[in-house]
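> Take the given structure of chain C and dock chains Z, W, E, Y, H, S and P to it, following the hints.
So the protein sequences, as listed, match chains C, Z, W, E, Y, H, S and P.
Here UniProt numbering is used: the first residue of the first sequence is 1, the next is one more, and so on.
Here UniProt numbering is used: the first residue of the second sequence is 1, the next is one more, and so on.
Here UniProt numbering is used: the first residue of the third sequence is 1, the next is one more, and so on.
Here UniProt numbering is used: the first residue of the fourth sequence is 1, the next is one more, and so on.
Here UniProt numbering is used: the first residue of the fifth sequence is 1, the next is one more, and so on.
Here UniProt numbering is used: the first residue of the sixth sequence is 1, the next is one more, and so on.
Here UniProt numbering is used: the first residue of the seventh sequence is 1, the next is one more, and so on.
Here UniProt numbering is used: the first residue of the eighth sequence is 1, the next is one more, and so on.
What the hints contain is simulated information worked out from the structure, not anything from laboratory work.
By construction, the Cβ of each residue, glycine as well, lies at the ideal position given by its N, Cα and C atoms.
A couple of the hints might just be wrong.
[Stated by the list, open to error] Using 25 Å as the maximum straight-line C-alpha spacing, the simulated PhoX-like pairs for lysine-lysine come out as follows:
#, chain 1, residue 1, chain 2, residue 2
1, Z, Lys-71, C, Lys-12
2, S, Lys-121, S, Lys-143
3, C, Lys-71, Z, Lys-71
4, H, Lys-2, Y, Lys-71
5, E, Lys-141, W, Lys-2
6, H, Lys-12, H, Lys-143
[Claimed, not checked] From the structure, some residues in chain Z lie toward chain H, with a derived Cβ separation under 10 Å:
#, residue
7, Ser-34
8, Thr-35
9, Phe-51
10, Ser-63
11, Thr-64
12, Trp-65
13, Ser-78
14, Asn-110
15, Thr-112
16, Leu-114
17, Ile-118
18, His-135
19, Leu-137
20, Ala-138
Below are the chains, spelled out letter by letter.
8 protein chains.
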Amino acid sequence: MKLTNLDGRIIKLLSEDSRMPALRIAELLGEPESTVRGRINRLVEAKVIEFVAQTNPIEMGFSTWVMIGLKVVLADLSTIVAELEALDEVYFVAMTTGGYDVMFNAVFENNTELHRFIVEKLGAIDGIRETNTFHYLAVPKRKIAFLPISDHDKATERKRGTQA
Amino acid sequence: MKLTNLDGRIIKLLSEDSRMPALRIAELLGEPESTVRGRINRLVEAKVIEFVAQTNPIEMGFSTWVMIGLKVVLADLSTIVAELEALDEVYFVAMTTGGYDVMFNAVFENNTELHRFIVEKLGAIDGIRETNTFHYLAVPKRKIAFLPISDHDKATERKRGTQA
Amino acid sequence: MKLTNLDGRIIKLLSEDSRMPALRIAELLGEPESTVRGRINRLVEAKVIEFVAQTNPIEMGFSTWVMIGLKVVLADLSTIVAELEALDEVYFVAMTTGGYDVMFNAVFENNTELHRFIVEKLGAIDGIRETNTFHYLAVPKRKIAFLPISDHDKATERKRGTQA
Amino acid sequence: MKLTNLDGRIIKLLSEDSRMPALRIAELLGEPESTVRGRINRLVEAKVIEFVAQTNPIEMGFSTWVMIGLKVVLADLSTIVAELEALDEVYFVAMTTGGYDVMFNAVFENNTELHRFIVEKLGAIDGIRETNTFHYLAVPKRKIAFLPISDHDKATERKRGTQA
Amino acid sequence: MKLTNLDGRIIKLLSEDSRMPALRIAELLGEPESTVRGRINRLVEAKVIEFVAQTNPIEMGFSTWVMIGLKVVLADLSTIVAELEALDEVYFVAMTTGGYDVMFNAVFENNTELHRFIVEKLGAIDGIRETNTFHYLAVPKRKIAFLPISDHDKATERKRGTQA
Amino acid sequence: MKLTNLDGRIIKLLSEDSRMPALRIAELLGEPESTVRGRINRLVEAKVIEFVAQTNPIEMGFSTWVMIGLKVVLADLSTIVAELEALDEVYFVAMTTGGYDVMFNAVFENNTELHRFIVEKLGAIDGIRETNTFHYLAVPKRKIAFLPISDHDKATERKRGTQA
Amino acid sequence: MKLTNLDGRIIKLLSEDSRMPALRIAELLGEPESTVRGRINRLVEAKVIEFVAQTNPIEMGFSTWVMIGLKVVLADLSTIVAELEALDEVYFVAMTTGGYDVMFNAVFENNTELHRFIVEKLGAIDGIRETNTFHYLAVPKRKIAFLPISDHDKATERKRGTQA
Amino acid sequence: MKLTNLDGRIIKLLSEDSRMPALRIAELLGEPESTVRGRINRLVEAKVIEFVAQTNPIEMGFSTWVMIGLKVVLADLSTIVAELEALDEVYFVAMTTGGYDVMFNAVFENNTELHRFIVEKLGAIDGIRETNTFHYLAVPKRKIAFLPISDHDKATERKRGTQA
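Same shape as in the complex, but just chain C:
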């Protein structure tokens, strides 16, 4: 989806207060409420924006929070990713370069649950060659709203970007 300038300004306001009503956004931007409401709906449908009540896994009672890197048989990569996506404990999955083919994040009530997950769930997936588990001991920053890069930024980039 191609973002318009108006989309960008709406996203900026919602990133400051995700529960701000469409009416208030319309007032701040000087646009009709129906236009704003329509844009927000389109952004949500296109999965550009998603309204989320983000919770802290530690506060929710999960004391074991990990990132697991996998080396896999490449022919099985897509299947493995689909199987990981289907697991409740797994909340983030990425295909990656730099030492692991897949990295995913998961939370568990404790180390015993992590152990069970590795044996029963990962152990049941074909094509995993090697796993490496990284425990998160503390998470001081966690922000998930990204703003669109403005046209001004892009122009600046282009000038600086000639070095490579």
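Only chains Z, W, E, Y, H, S and P this time, still in chain C's reference frame:
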């Protein structure tokens, strides 16, 4: 903060629709609206819950999305984490075990911007011994709302958890 | 097993002198001997406490003392652990994260015996992908009695523990 | 200390029941009680044998159980080991080959305590180049009593041991 | 430099025969020779295209052909790259992610010359933490002319590229 | 092919200007044009020299430029190399020592194309055990013309080369 | 074979001059020549000592000198070692710990021969999981005669050796 | 030193029996004894050949036999190598590529001596960043006499060697 049973039920509803008004939640749970509004405020103040308009970095124009692992001089660990937290490009920071002391995530418009970040920003932080950058090529799952572990779950866990 | 305050005080005394008679413990704690004897029996039956004559493997004539890390086929993890447990040379087995799936300790009379063990015993176990052997050259500290974390400690922890 | 044949037989009995009284051992071995008592005292003084009430760290409330490998500045190795020995959380320290210069074990109430330990205690020790932390998720075998290798075993070894 | 459609067609012809005269290119494309000559000059000045007599290092007498990966102090990265660029033996330098901060290629008459290079030239550069040298034993493919991605390709990409 | 002194002087001139006509080279070297033209043809036929219009992949629209290292089943090494050679995205392939069995370079329009390449193309090749992808963020030096080592150089080498 | 004091003194003399005649050794040690000759024969038959004309591989025309580390399927370890022993290029084979299961040394006329060896010879051996090749660029020390540890040394050792 | 055909034939005979008298070699080759004796002397003086009474370190009482890989500060490489050469325990030193800058071999009476060596000797050498120790558990092949590559071999090589 100790979560009550009511907190848990409110979080469950908000995790399904983060923009659901307090009035609707109150109706669904059969509680006075003022009670629900009060609990939500407390949850937000205690940073147990945070309302977020989550956006997709790829759609926002960031084509370079990375996880960077750091090995550091342990005496500098706290300072390094504080410096990383202050950087705009960095949206997640964790202290970790398992091969890296710190792992953080960041997004960039392109590889040239990542290069500049490494040279200018990471290069200016003392105590980093080694960096390893993992590029996210695709991110098929990304979910950030965790529900509280219910008392029922906990009871179950306790019985199973005696093995270690 | 839920430890009582009395259990904790008994464990503390036994950790100082594991051969202290129940009668002496009862005197020191001001409890009837039958109570103390009963608690000790329960602690032993629940495997919370185990009375051991710990010996030094070097003094016993074992000149090769190792920790071996294994990367394994996850589907075979439980079987592999069971097979390792059954081996006389192996005195400690753990499922782990951080680069190895299993770590175990073993002692041998010399390197030739370690070599035979690797070829004949590990070589006979299916599902081992990679082994890495670490030799202990010197062991200046070796203590195996852990005291229960007191309630006072726990309260302190809880206040400090909110950072993650 | 050179172990006699009688020492070996005493150790064998104590390894089966570490609280067996000297009188009972004397009866079983057909030796005067004073002799047995004298040998036991000598074994304990020479630190060949140590009577321990071994407890399970998980049952004691420690949910984070780790092995930490260190790469260090070799000139600082002895000092580092001495500093680790002095730390309460650390119950085992070994100088090693095979990827780490030092490996040690420690237990913590939770990951937050481990984090504090890394920052405050390890961070205060000079000469550590790199740490790698392995979490124990489950410990199905844990035995610490080693029996002396018998003369018969030694003879057998010698014949087999000519291959290297 | 923004490439025109004509630039693309000129590059395509030169990639097939780099010594093709401008006159012949002009005939094939149905453009005036002066226009073609002018475009070629601009492409060369902008370093988009470079005419090279590529030679095979093995045939030239270099029996040691290597890729060397470096881990460096990030604050010194730019200086290190500049010093590597100035070395005659080094014919390719890249800043990289994925385990090394810098990778470069070089050729030597034999291993003794490589050894001298490591000691005298790399040893004189500050900020190198670690080097890893990979020897090329055989090079069955080596092609250095890249064609511009056509507009048609780009349209195709865009449709397929929505997955990330 | 054994290079003559004249070959060396021709290569030197062509390395300075690869489009220099044979006539001009003949004048500069004081040789008949037919001789020079004949030598150049032989050098090209023997693949000692190749005339190339080298282009910059970044300028051509490839924003993802990588080196990929492979660990492979050795019995499949030759087949794997042949399959890599046949892939359009791959412009350089080498058999190597030092951690990878094969290293190759490739360029892609973006990370999504790299992802597709890994899944569809590498995933279809049998015998690959492990891949590691290194992204080039910037390429400040890229030179591909090697001059023959002169006889003078060789004499010098021989004297210095006795140390190994 | 148990070495006598006379054996030790003979070995010491031969280590200084391996071509010293038995008669000269007998004179220096004040023993009958027949005794000395008899001891030497026994030492050679027991493979305790071997008379060798050691040559420098570089001087013999081998410009590629390597150590290759292997990770193998443990069940195949003994077979793999036997196959390596049978290869002419391989002059040293060891079963090892510390990251590789087997390490061996070999020499080749050049890198092309090493490449052929890896593809044709190592590629034909079953059970090799991973190889890593280390090139020797220079070998400043190479000594292969070890003297027996004297009784005096052993006594010293025993006193110092109690620390582990 | 340039080896003649006669040198090659002498080396071949000595490699079969290093104590063969010059007179016998002369007879077998049909050359005057004085010529053979002269060639042998020149080969020894040029260190092309060295007569050695090779002994087995295990038989000599060294139960700990290791290869140690070092990563070093490159500026200190030459000094480090010189210091290693001067150590009695070290019998082989090589500058290497492929993960370590230096590899050396050493033998020790036991692990305690190895430990002392690491702390006292390696710990006293500046510029060592990292050590990795590999223990040899068994050494089934150990041959140190290399024959010169014959002219016939070289001709064969040249034809096959064009592939790289």
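> So, for every hint listed, does it hold in this structure?
How the hints compare with the structure:
no.: 1; hint: Z:Lys-71 <-> C:Lys-12; in the structure: 35 Å, violated
no.: 2; hint: S:Lys-121 <-> S:Lys-143; in the structure: 29 Å, violated
no.: 3; hint: C:Lys-71 <-> Z:Lys-71; in the structure: 21 Å, holds
no.: 4; hint: H:Lys-2 <-> Y:Lys-71; in the structure: 39 Å, violated
no.: 5; hint: E:Lys-141 <-> W:Lys-2; in the structure: 22 Å, holds
no.: 6; hint: H:Lys-12 <-> H:Lys-143; in the structure: 14 Å, holds
no.: 7; hint: Ser-34; in the structure: 50 Å, violated
no.: 8; hint: Thr-35; in the structure: 48 Å, violated
no.: 9; hint: Phe-51; in the structure: 31 Å, violated
no.: 10; hint: Ser-63; in the structure: 6 Å, holds
no.: 11; hint: Thr-64; in the structure: 8 Å, holds
no.: 12; hint: Trp-65; in the structure: 8 Å, holds
no.: 13; hint: Ser-78; in the structure: 29 Å, violated
no.: 14; hint: Asn-110; in the structure: 6 Å, holds
no.: 15; hint: Thr-112; in the structure: 7 Å, holds
no.: 16; hint: Leu-114; in the structure: 6 Å, holds
no.: 17; hint: Ile-118; in the structure: 8 Å, holds
no.: 18; hint: His-135; in the structure: 6 Å, holds
no.: 19; hint: Leu-137; in the structure: 4 Å, holds
no.: 20; hint: Ala-138; in the structure: 5 Å, holds
The structure is inconsistent with the numbered hints 1, 2, 4, 7, 8, 9 and 13, although it conforms to all the rest.
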